[in-house]
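*Asks:* Residues 1497 to 2079 (my numbering) make up the sequence shown, in order.
It should be emphasised that the hints constitute simulated quantities derived from the structure, not laboratory data.
Check the hints yourself; a few may be wrong.
To be verified - Beta-carbon label-pair distances, calculated as ranges: (1) R2011 - R1883: 33 to 41 Å; (2) G1566 - N1814: 53 to 61 Å; (3) D1945 - N1680: 46 to 54 Å; (4) N1680 - L1575: 57 to 65 Å; (5) K2052 - D1980: 28 to 36 Å; (6) K1683 - P1949: 37 to 45 Å; (7) E2064 - S1572: 49 to 57 Å.
Quick reminder that beta carbons are idealized off the backbone N, C-alpha and C, glycines included.
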Amino acid sequence: MEFTIQKILEFHDLFPKEKDLDVRTILKKYSREYIVRCCHVLCNNYSNSAFIPDNNNTFFSEVSKKHIPGLNEKISKYLNTTGQDRVCYCTVKTALELMRVAFSIPVQEYKNEGQKEDFEYDLFRSVLMLNENLMAFSHAGQLDLATLLFANYYVQNDIINQNQSDTFVRQITHYKKLVDFLENHPKCANAYEVFMQKMGINSMDEYSKTWMSLVSLSMGYLKSGVKACPIFDYNQLKDEDHLISKSVLDNLCIDITATIPYDAEDAESRDNNVDYRTFRSHPLVRVDSGKYLIYSLHLLLERLYSSLFFDIKDGFKNAFAFYNKEFVERRLFQPAALAALSKHTSFFWPTKHDVEELNAPTEIDGQPDFYVREDYNIILFECKAIRIKGEVKDKSDITELLDLLKQKLYQSTKNTDKSRKEKKKPEDLGVKQLGNQMKLIDDDDFELDKNIPDEVAYYPVLVLEDTHLVIPGISGIINSWYKDLIDKELPNQMCHPLVVMSINTLIWHRQAFARFGFHTIFDNYYSKAAKYEKDGIHWSFNPFSDFDTFMMEHYKISKLERQKMFNESLNALGLKKKITSVN
1497 MEFTIQKILE FHDLFPKEKD LDVRTILKKY SREYIVRCCH VLCNNYSNSA
1547 FIPDNNNTFF SEVSKKHIPG LNEKISKYLN TTGQDRVCYC TVKTALELMR
1597 VAFSIPVQEY KNEGQKEDFE YDLFRSVLML NENLMAFSHA GQLDLATLLF
1647 ANYYVQNDII NQNQSDTFVR QITHYKKLVD FLENHPKCAN AYEVFMQKMG
1697 INSMDEYSKT WMSLVSLSMG YLKSGVKACP IFDYNQLKDE DHLISKSVLD
1747 NLCIDITATI PYDAEDAESR DNNVDYRTFR SHPLVRVDSG KYLIYSLHLL
1797 LERLYSSLFF DIKDGFKNAF AFYNKEFVER RLFQPAALAA LSKHTSFFWP
1847 TKHDVEELNA PTEIDGQPDF YVREDYNIIL FECKAIRIKG EVKDKSDITE
1897 LLDLLKQKLY QSTKNTDKSR KEKKKPEDLG VKQLGNQMKL IDDDDFELDK
1947 NIPDEVAYYP VLVLEDTHLV IPGISGIINS WYKDLIDKEL PNQMCHPLVV
1997 MSINTLIWHR QAFARFGFHT IFDNYYSKAA KYEKDGIHWS FNPFSDFDTF
2047 MMEHYKISKL ERQKMFNESL NALGLKKKIT SVN
């Protein structure tokens, strides 16, 4: 795998002698709506990022001609000094940050007095200042390159580099399972009713079909290639199939006059829009009665499933624990693991009947979320649905991010929710659970499988629900914890490196797993990701290795199969040929 580090152009790269730009003061010269429309153009017309030079996708128009010569001189000097051919000056996240600042300013403070010929220049400078703020990481001590890679991917880019077609299919696949869960699990009745009332609808179809229609409208605009900011008028739409619910539209939108407080310097003032929380749940802006704009396809795509938990969580008792156990583990993960079993499987647990009937067998100490033995190869799975606090991402504090990650995936020594009491004793999670399970097997105290051979090889697997976490760098971080653990607890046993994968990879590549077997695919991965010593037991791990990427590169899903999955997603929502592609 190759990585390219892309420098983001910052304010002081071009204006080294100036003080920090006061973005709020600059924006107040103009109108809120005009700025929001520009955010829409930046989010949707420049793909993941915008570059200089790019003659086919320029930022400045003829109206800014008095500023262009001076800027060209500064940019040429910067490119010559750095030896670059071009530089990125705006990403989707920059555009969302611009919107966050714009909505944090009360609408009455906008003066709308700025000169037309200065607007693009002021906006460009504001974008560069926001880039500089966004790239300001903090951390304690030296960090290795893998950690920096992970932090940059996760903190900066969780809404960038999105494969829109894959996101579309994933959202629908998980959403359909979630709807079935909400409609049929007895403990979900209250949460289901809470969502119905909040959205003002009578069925989940009204929500999903409205979402699908918005995606179709957004894609239609993007494919037109027009560099503008279209507004769709609900009252003028020819919605012959009654796909769009006005109530859902109004629940998914922010009013153009709304104020969403946010102070980047004051943690107490960030709650309303930390990690773009308000934008993630409201991917539309209402600019007038019945008139809306979709400002970010990236956020809209993830609104179907990924954001839905936060709409329903208040309808559950112990929402996170219940949702993670009953839905993510038992409805998403275990059926996917069952479907991936191969002819090489000697034993597995839980049973096929328990998984298919959604039975909850009595849990015993040390049991994994899924267990597979392929002859003498033991594959142990732990599945985790974790959420990283938005304020940690906003602060870009790498040390705090790593500490929180270890609390959730290795051992929890304190409650990350400050409203709860301190823990009386540490709770082993993820990596340590896998280590404990291997220790039980090694000590002949593992009760689930009575026919384990004397000599075995361990293949530990950590499956994460959040695909944004399964990115280059995280496998290196987690394997550093894991290696310290097994060197201490199981120093002479065949404990292979820990595989970190997303549920999505398990689902999408189930045919490959079923054909070759888990351990064969994992061995192929280790041949790329690890270097074994002569004893065949001890190893060193390439910290940049990523299993999801390995599967995409070495067990590719054909275009025909991808299109089939895409069509199945449409059919799952009862929509055929409404949209042909999301890329």
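*Asks:* State for each hint whether it applies.
*Replies:* Going down the list of hints, with the structure as the test:
The beta-carbon spacing between R2011 and R1883, approximately 34 Å, falls within the hinted interval of 33 to 41 Å. Evaluation of the 53 to 61 Å hint for G1566 and N1814 yields a pass: the beta carbon distance comes to about 60 Å. For D1945 and N1680, the Cβ-Cβ distance of about 32 Å falls outside the hinted range of 46 to 54 Å, so the restraint is violated. Taken as a hint, the range 57 to 65 Å holds for the pair N1680 and L1575, whose Cβ atoms sit roughly 59 Å apart.
Roughly 35 Å separates the CB atoms of K2052 and D1980, a value that falls within the hinted 28 to 36 Å. Distance hint check: the CB atoms of K1683 and P1949 are about 41 Å apart, consistent with the given range 37 to 45 Å. Taken as a hint, the range 49 to 57 Å holds for the pair E2064 and S1572, whose Cβ atoms sit roughly 51 Å apart.
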